[in-house]
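Chain order of the listed sequences is A and B. Using my numbering, read the first sequence as starting at 1 and increasing by one per residue. Using my numbering, read the second sequence as starting at 1001 and increasing by one per residue.
One or more hints might be untrue.
[Said to hold, decoys possible] Derived DEER-like restraints, expressed as beta-carbon distance ranges:
(1) B:G1144 x A:A139: 40 to 50 Å
(2) A:E156 x B:R1535: 17 to 27 Å
(3) B:G1863 x A:R133: 52 to 62 Å
(4) B:L1824 x A:R133: 54 to 64 Å
(5) B:T1098 x A:R133: 45 to 55 Å
(6) B:Q1754 x A:A139: 24 to 34 Å
(7) B:N1806 x A:P28: 40 to 50 Å
(8) B:Q1304 x A:E156: 55 to 65 Å
(9) A:R133 x B:L1651: 50 to 60 Å
(10) A:R133 x B:A1717: 22 to 32 Å
(11) A:P28 x B:P1451: 18 to 28 Å
(12) B:D1527 x A:R133: 49 to 59 Å
[What the hints assert, rightly or not] Only part of the chain B face toward chain A is listed, based on derived beta-carbon distances under 8 Å:
(13) W1006
(14) F1013
(15) L1017
(16) S1044
(17) L1045
(18) S1048
(19) A1052
(20) M1056
(21) A1060
(22) E1758
(23) L1759
(24) D1760
(25) N1762
(26) E1794
(27) G1795
(28) P1798
Keep in mind the hints are simulated off the structure, nothing from the lab. What you are looking at is a predicted structure, and each value in this text was computed from that prediction instead of being measured. Ideal placement from N, C-alpha and C gives every residue a C-beta, glycine not left out.
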Amino acid sequence: MSQTSTNVTQLLRQWSDGSGEALERLIPIIYEELRGRAAGYLRRERPGHTLQPTALVHEAYLRLAGAQDVPWQNRTHFFAIAATLMRRILVEHARKKAASKRGGAEIRLTLDENLAGADKGIDLLAVDQALERLAAIDAQQARVVELRFFSGLSVEESAEALGVSPRTVKRDWSVAKAWLHRELSRE
Amino acid sequence: MTPERWQRVKELFEAALELEPAQRAAFIQREGAGDEGVKKEVESLLSSYEKAPSFMDTPAAENLSTAPQLSAGRFSHYEISSLIGQGGMGEVYAAYDTQLGRKVALKLLRLDFTTDHRVNRFVQEARAASALNHPNIITVYEIGRTESAHYIATEFIEGITLRQRMKEGTMPLDAVLDVAVQTASALAAAHQAGVIHRDVKPENIMLRADGYVKVLDFGLAKLAERTPAADTEGLTRALADTAPGMVMGTAAYMSPEQAGGLPDIDARTDVWSLGVVIYEMVAARVPFGFEGATPMQILSLIIQKEAPPLKQYASAIPDELNRIVMKALESVREARYQNMNDMLVDLRKLSKQLERENEQKDSITPEGRGPTAEVTTVRNTHTHRDTTRQVNAAGADNLNKRLSRPMLAGVIVLLVIASALGLGYYLRGRNSGTVADSVAVLPFDNQNGDPDTEYLSEGLTESIINNLSQIQSVRVVARSSVFRYKGRGADPVTVGRELGVSTVLTGRMLHRGENLSVSVELIDVRDNKQIWGERYERKVTDLLAVQREIARDIAERLELKVSGAEQARVSRQYTEKSEAYELYLKGRYHWNKRSPEGLKKSIEYFTQATAIDPNYALAYTGLADAYAVLPNFDRKVSRRDVIPRAKDAALKAVALDHDLAEAHTSLAVIFRKFDFDWAGAERHLQRAIELNPNYPTAHQWYGELLIHQGRFDEGLAEVRRALELDPLSLITNLVLGMGLNSARRYDEAIAQLQKTLELDPNFADANGFLAQSFAHKGMYAEAVAANARQMALEGAPPAVIEAAKNAFAKSGWQGYLRFLLKTLESRENPARLEAIAILYGQLGEKDKAFEWLEKAYNERADGLALLKVDPWYDPLRSDPRFTDLLRRVGFPPDK
Chain A
1 MSQTSTNVTQ LLRQWSDGSG EALERLIPII YEELRGRAAG YLRRERPGHT
51 LQPTALVHEA YLRLAGAQDV PWQNRTHFFA IAATLMRRIL VEHARKKAAS
101 KRGGAEIRLT LDENLAGADK GIDLLAVDQA LERLAAIDAQ QARVVELRFF
151 SGLSVEESAE ALGVSPRTVK RDWSVAKAWL HRELSRE
Chain B
1001 MTPERWQRVK ELFEAALELE PAQRAAFIQR EGAGDEGVKK EVESLLSSYE
1051 KAPSFMDTPA AENLSTAPQL SAGRFSHYEI SSLIGQGGMG EVYAAYDTQL
1101 GRKVALKLLR LDFTTDHRVN RFVQEARAAS ALNHPNIITV YEIGRTESAH
1151 YIATEFIEGI TLRQRMKEGT MPLDAVLDVA VQTASALAAA HQAGVIHRDV
1201 KPENIMLRAD GYVKVLDFGL AKLAERTPAA DTEGLTRALA DTAPGMVMGT
1251 AAYMSPEQAG GLPDIDARTD VWSLGVVIYE MVAARVPFGF EGATPMQILS
1301 LIIQKEAPPL KQYASAIPDE LNRIVMKALE SVREARYQNM NDMLVDLRKL
1351 SKQLERENEQ KDSITPEGRG PTAEVTTVRN THTHRDTTRQ VNAAGADNLN
1401 KRLSRPMLAG VIVLLVIASA LGLGYYLRGR NSGTVADSVA VLPFDNQNGD
1451 PDTEYLSEGL TESIINNLSQ IQSVRVVARS SVFRYKGRGA DPVTVGRELG
1501 VSTVLTGRML HRGENLSVSV ELIDVRDNKQ IWGERYERKV TDLLAVQREI
1551 ARDIAERLEL KVSGAEQARV SRQYTEKSEA YELYLKGRYH WNKRSPEGLK
1601 KSIEYFTQAT AIDPNYALAY TGLADAYAVL PNFDRKVSRR DVIPRAKDAA
1651 LKAVALDHDL AEAHTSLAVI FRKFDFDWAG AERHLQRAIE LNPNYPTAHQ
1701 WYGELLIHQG RFDEGLAEVR RALELDPLSL ITNLVLGMGL NSARRYDEAI
1751 AQLQKTLELD PNFADANGFL AQSFAHKGMY AEAVAANARQ MALEGAPPAV
1801 IEAAKNAFAK SGWQGYLRFL LKTLESRENP ARLEAIAILY GQLGEKDKAF
1851 EWLEKAYNER ADGLALLKVD PWYDPLRSDP RFTDLLRRVG FPPDK
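Between the sequences and the hints, there should be enough to build the whole structure, so can you do that?
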């Protein structure tokens, strides 16, 4: 077992025992790992080949915590942290991309934008901002969105990460989707 | 909307969704009656939902498009003709260099898809490859960047990949050996230059029409043996490289250590991969994998199984070939060829032997061959090789084929020797007379991979830093800046550039029983060349000596000007007892963790060290430092209890060794923190700096001390000096921000704190001070936001953070402060006593404020050092009680 995995496993345990300091130390480790992975995927994508955030989070978990008898609780805790970080990473990515579109005049001339298909997707920056507002109304709902949308977890996995029933997640998810759709259509 | 009503909205919405769309309106009318607001909201959400029921069902990342690709057109001074492939780090295009008029392969890394770290690596790797000048390695023409992309232009190879060649049909044995020898010699040369390929596979081996084999795509290459990070890059790649339609990804060629994600991938991984490639050329199948296997299945086979003997699939091959390949495929690295050169030698021997055997079989007269062999030149070989290919293609004239074989082998041998020699001379030439003014000692790699011996590798690193920092003429980057790179697998040259130093020292330590093996390498950041490398084989008990030896050797290699006094300090021995030294290192290791348990352990170890060597001043400073900070990390420990112990230890250290900068620094802190003896503290800090001008902590604390006294310009200058020595230290960066805040230079403070947060966005304290600067500027919304981030990072429950934000939204700044006060006061063990006083002061409740300030004073709260300069205390300053307190913490009124 490498030192990182010992560390992460320990920190996860300490965190679930209520240590705020453990969380503080966990976040940068997990963030680095996820960001590295995400960047790797995003860079290497071929057309039609998509990044699977769930796979990414699972891989990150395996790498950081190792598969050896880690209490299941730790895993769900890990997913909970990872979801928030995935949101951050993806929003940062979207922001960078938006910035480079504004600034990259030179390469745009030589790029075939049709190949990119960049604009079909949902505006992550707008989602991020709307989500801030949703969190003010209902924090748990916003967490559900992070888990489902940004981290790609299933309803069941999200329920475990939040410690609520799958039914609650389902409900929060459908309301949140409607709410965000309305918010985003307004803009 | 209240939480209760929102809950109701959610319930109604959910219930409505379960109904047929047509029935929903009536249902809401009925159920929502009585609360128009709730009803409206549910209706609005439902209509929104019905418009796009699957909205957001696809996870965010899956909507992200791929990198836009270049179609025909221009890029910089290149004309793009077509996309020819996707490499490890970006796309590759066939292009035409309009300036030099030649065809090139152009590889792009787009900036919007990457982090600085990646860009650095891309450039680094390109440099690594471009430094390799070998006939079997693709030639790099240019490395460059435009506004939006980095690019590498390489020679354009006309030919086919080994993968394509294998698809054409079984390869004859001599062709297999030819490819094997050329590939091995390319890799051996790369290894010699410190570059590991890490992705050797048939797709990366090209066969040119003239017979040359070219190894390409050093896209995954890393500088050899300097990368403690696990090879997850390769793993991810193996997993990602399996788009539908791809028969075999990278997985099949991965070594067990790569497949297992082990941290220390070395040159032996290339030995393995080349083994797989040869195996496949001979057997037309890879040793691990089966039809339809997923990369994951392949990886687990590689990790768990032994390769089936090659003979099993190709019984006619020489035993020697089977032996070579199977030796390359030993799953335990130690059993494999230990370097590519050994494998190359064996391959070449076999190749020659086969040729000889063939010659003997065919009765060709020696006279016929002689003259041809003698006129061997590269160009001649080419001609012959071309002929050979054509002849082969025609399936005739074995004579000619056999003639060319030994010649080619000979030429390659010559080329390899020449290039190795040339490289050696080149390196030596470059290295003579190197003068460096700065060095970063990177955390030594603990090859035991065992946390229990981590203190040895860390301690060794730290001791070398300390020893070197005694020399005035060189700037040595401090521990906390270099340790930020620990375990991150950062490339030394990149790190060197980030830290702004001219040289970097990397090291590895292996500890087996009594034996200790330490290898170090000093690299010139400017040209990425090794200045010096050395291996020290010693007993663990000689650890002390090794550390001094290394520091001295570095000073020598860097040709530093070392004064006599410095010389003595560099090679100085702080204790005669190696056991005490080892305990000291353990103590520092735990101290560096700055956790309650770590600090307590460090106290134990330092105490044991002083028991073994009662004259060990350094161990006493460790003890003093640990006691001094313990209350900051463990609230159960009272300052009053530990002060006397800290002070005793620090005094003892100074008494034992007047010339120890660390001892003076430790004592100064105790004078300041606990005795409010500012003058005494200043004296000792000045002495510490005099003794060791490269000790950043002394500069930082001296800076703080000056700032606390209102001597801002001097103080900020000292902190900046500390930052020069320790540029990535979070705490020093924070202190600069705090200092600017105290000097009421809020805009600069905000900029500095934001810079600190760029280093680590999760640094709670930086957010806290940022909030203060915003607040002093009257930017309350920003202050609240920064505070919220701080609280979140400190692990406050989201509900509390929400409530704080709401308090601000509802009742403004004063309401917010009142909320904070309530929260702080309700804690059982309030951490920041003076903060409560400040809040009362800000809210105009002076009596309460002074009540808490007294408590803070009794506890010798750290924050009181800021009493004289902190803008927060402004509402209290006119009160006589404040003047009295100022006097008691060491600031007499006239000053």
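Do the hints match the structure? See the list:
1. B:G1144 x A:A139: 40 to 50 Å: The hint (40 to 50 Å, Cβ to Cβ) holds, given that G1144 of chain B and A139 of chain A are roughly 48 Å apart.
2. A:E156 x B:R1535: 17 to 27 Å: 54 Å, violated
3. B:G1863 x A:R133: 52 to 62 Å: Given a distance of about 36 Å, which is not inside 52 to 62 Å, the answer is violated.
4. B:L1824 x A:R133: 54 to 64 Å: 28 Å, violated
5. B:T1098 x A:R133: 45 to 55 Å: Since T1098 of chain B and R133 of chain A have Cβ atoms about 52 Å apart, the given range 45 to 55 Å holds.
6. B:Q1754 x A:A139: 24 to 34 Å: This hint holds: roughly 27 Å between Cβ atoms.
7. B:N1806 x A:P28: 40 to 50 Å: 29 Å, violated
8. B:Q1304 x A:E156: 55 to 65 Å: Since Q1304 of chain B and E156 of chain A have Cβ atoms about 31 Å apart, the given range 55 to 65 Å is violated.
9. A:R133 x B:L1651: 50 to 60 Å: 59 Å, holds
10. A:R133 x B:A1717: 22 to 32 Å: 45 Å, violated
11. A:P28 x B:P1451: 18 to 28 Å: With a Cβ separation near 19 Å, P28 of chain A and P1451 of chain B satisfy 18 to 28 Å, so the hint holds.
12. B:D1527 x A:R133: 49 to 59 Å: 53 Å, holds
13. W1006: The hint holds - W1006 of chain B has a Cβ within 8 Å of chain A, the shortest such distance being about 6 Å.
14. F1013: With a closest approach of 5 Å, the F1013 of chain B hint holds.
15. L1017: With Cβ-Cβ at 6 Å, under 8 Å, it holds.
16. S1044: 6 Å, holds
17. L1045: For L1045 of chain B, the interface hint holds, since the closest Cβ of chain A sits about 4 Å away, which is under 8 Å.
18. S1048: Holds, because the Cβ-Cβ distance from S1048 of chain B to chain A comes to roughly 4 Å (cut-off 8 Å).
19. A1052: For A1052 of chain B, the interface hint holds, since the closest Cβ of chain A sits about 5 Å away, which is under 8 Å.
20. M1056: 5 Å, holds
21. A1060: 5 Å, holds
22. E1758: Violated - the Cβ of E1758 of chain B stays beyond 8 Å from chain A, reaching only about 13 Å at its closest.
23. L1759: With a minimum Cβ separation of about 11 Å from chain A (threshold 8 Å), the hint on L1759 of chain B is violated.
24. D1760: 7 Å, holds
25. N1762: 5 Å, holds
26. E1794: Interface hint status for E1794 of chain B: holds (6 Å vs cutoff 8 Å).
27. G1795: 2 Å, holds
28. P1798: Holds, about 5 Å.
Consistency with the previously given hints fails for numbers 2, 3, 4, 7, 8, 10, 22 and 23, ordered from lowest to highest.
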